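Number of protein chains: 2
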Amino acid sequence: MRATPAVVMGHGGGGAMSAELVEHLFLPAYGSAAAAELGDSAVLTVGDGTRLAFSTDSFVVKPMFFPGGSIGDLAVNGTVNDLAMSGATPLFMSSAFILQEGTALTDLGRIAQDMGAAARAAGVRLVTGDTKVVDSGSGDGVYINTSGIGVIPAGVDIGPRRAAPGDAVLISGDIGVHGVAVMSCRDGLGFGTTVESDTAALHGLVAAMLATGADVHVLRDPTRGGVAASLNEIATASRVGVELIERDLPVPDTVRDACSLLGLDPLQVANEGKLIAIVPADSADRVLAALTEHPLGRGARRIGTCVTGHPGMVVARTGLGGTRVVGLPVGEQLPRIC
Amino acid sequence: MRATPAVVMGHGGGGAMSAELVEHLFLPAYGSAAAAELGDSAVLTVGDGTRLAFSTDSFVVKPMFFPGGSIGDLAVNGTVNDLAMSGATPLFMSSAFILQEGTALTDLGRIAQDMGAAARAAGVRLVTGDTKVVDSGSGDGVYINTSGIGVIPAGVDIGPRRAAPGDAVLISGDIGVHGVAVMSCRDGLGFGTTVESDTAALHGLVAAMLATGADVHVLRDPTRGGVAASLNEIATASRVGVELIERDLPVPDTVRDACSLLGLDPLQVANEGKLIAIVPADSADRVLAALTEHPLGRGARRIGTCVTGHPGMVVARTGLGGTRVVGLPVGEQLPRIC
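Protein chains in written order, with my numbering: chain P, 1 to 338; chain G, 1 to 338.
Isolated chain P (complex conformation) (with noise of 0.2 Å):
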């Protein structure tokens, strides 16, 4: 007897399953009234022509509190930088709650201030939200759906289709710092030293690469999945090969000691403060200027290129000489991170 398909935790993990997930089956049962892609956000048009970006994300992170943030800084830096990935002023967000009954309204007061706080620190404002509650052992403390909409300024045309051989592949600094903060402070697991989240609003870092008038290809926030995930969506919508340089991505030793420990490529581990921008190669200085002189882009560099070979494909070339492929992520390696 065949067991029934179930989702697994690897459905959630923002990798090949989780695409899978939405190619076959919300797709094809959202039919006609499914947008021709789900992705992280949406550029709608309304009124005059006016463009909006209108993206959402669901937040259950485990812990609720780590070193560096909370839940609450997620869902509001999250919905944020999906926003501003497409260029848009963020402006309005909802928040929704789905509480667990037991859960101390001492924790949730501060996961609401976290929340403000980040709000108000991104220049959004909170204007409409939604409170559920489930009994006790049918939701795990607090979990956060955040939706965004922002407007997206004339003339900036920035998507994942957009990156084209040549172009250069930026970082706005250290990868998997958020992956490891919160594993750090999961039940055992120490890594010595403490590892704080990157979380962070990245509008402003966005604004300040459009300023030099770049005509800035792609931008993605590598978040569940990382940066294998986003530039391995990118080389697949683009249909171009990305090629990393491996000696220049900027991981931590903290970072890579702990993705030893556990097993894991920090290609693959999340980011929550950090983007990728694709820009074509005369203004990879320009923009990597702009990027080094905010304070939430001093370690930015570039990491590698777009090129023709191999189009839907991510591959890193090593310090021997070689190069290995960075492949999508398959399951969930570090569940229930954001």
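The set of hints was computed from the structure by calculation and includes no laboratory data. None of the values given here were measured: they were computed from a predicted structure. Take these hints with a grain of salt, some might be off.
Because identical chains cannot be distinguished in the list, a pair is counted as satisfied if it fits within a single copy or across any two copies.
Derived pair list, reagent style EDC-like, types lysine to aspartate or glutamate, alpha-carbon separation capped at 20 Å [to be verified]: (1) Lys62 / Asp48; (2) Lys62 / Glu196; (3) Lys62 / Asp140; (4) Lys62 / Asp107.
Position chain G relative to chain P; hints supplied.
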């Protein structure tokens, strides 16, 4: 020793405890980042003055499938209705899932199909999404958040503060049906006759009312907390009293019987396909005619009047010639009804 104050089921009931959580926890914590009200939907102005309605709702109904519908129908229709109650034409929707590990993919597929069908019927597009998975034991099947964006036509001004003394209070049909339908399929509860949920998208009914040219003051879909909660909120926001005529309330026998059995007031039981309309007395007949001509408003009738007396309070004239106060439900009488 005093117990730590904690979340209880009543915080999710849509009544007095839900309102307290918003007023005493969320609004102070959000501070200046929050809109003055965190209502069911917000009205936002973008671009050249286009007015958007923006709404969010999470759905945790148990069981996920019930007579007349599923969590998928509710998730689409609920957000469509929140938008429609500000007079907006619903256009775009997000769908975010929190799935429990082990949920059958066939169940998830049925739910997604229901969402697609409901979205097509309502003319909204599902444009962006998210999926998270929580470990078995940390969730309960499928939780869905939908957020929606609609455009409010020029000249339309509908809101909970606009009820005025003398206005007529209309209901579009039988009350209490959804709540009883969900309760009827819970463990051990059967009421003899099958009651089907009234889940439906109401924006067409709103359009029919607006087409009469009447100056519709307030619209509300009385979901959690029922007609009682909606009218209490309106009475408070508009500083009017509301006087209902009890014998005019359309309560089907099946709902009345089930409520007797469970000790519930039908006025406090959730609806998912009904609306309350508050309109100037001199347009009440015209609006009622438009409602009753529409398939979703055949059972429409006038149930009361806004008055200058007892502002903020809802009373019902009983069959015996007395009056009783129709209170805002305190906690949650029917948990996880939507």
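For each hint, the structure was consulted:
no. : hint           : verdict
1   : Lys62 / Asp48  : neither (43 Å within a copy, 43 Å between copies)
2   : Lys62 / Glu196 : within (15 Å within a copy, 38 Å between copies)
3   : Lys62 / Asp140 : both (9 Å within a copy, 17 Å between copies)
4   : Lys62 / Asp107 : within (13 Å within a copy, 26 Å between copies)
Of the numbered hints listed earlier, the single one contradicted by the structure is hint 1.
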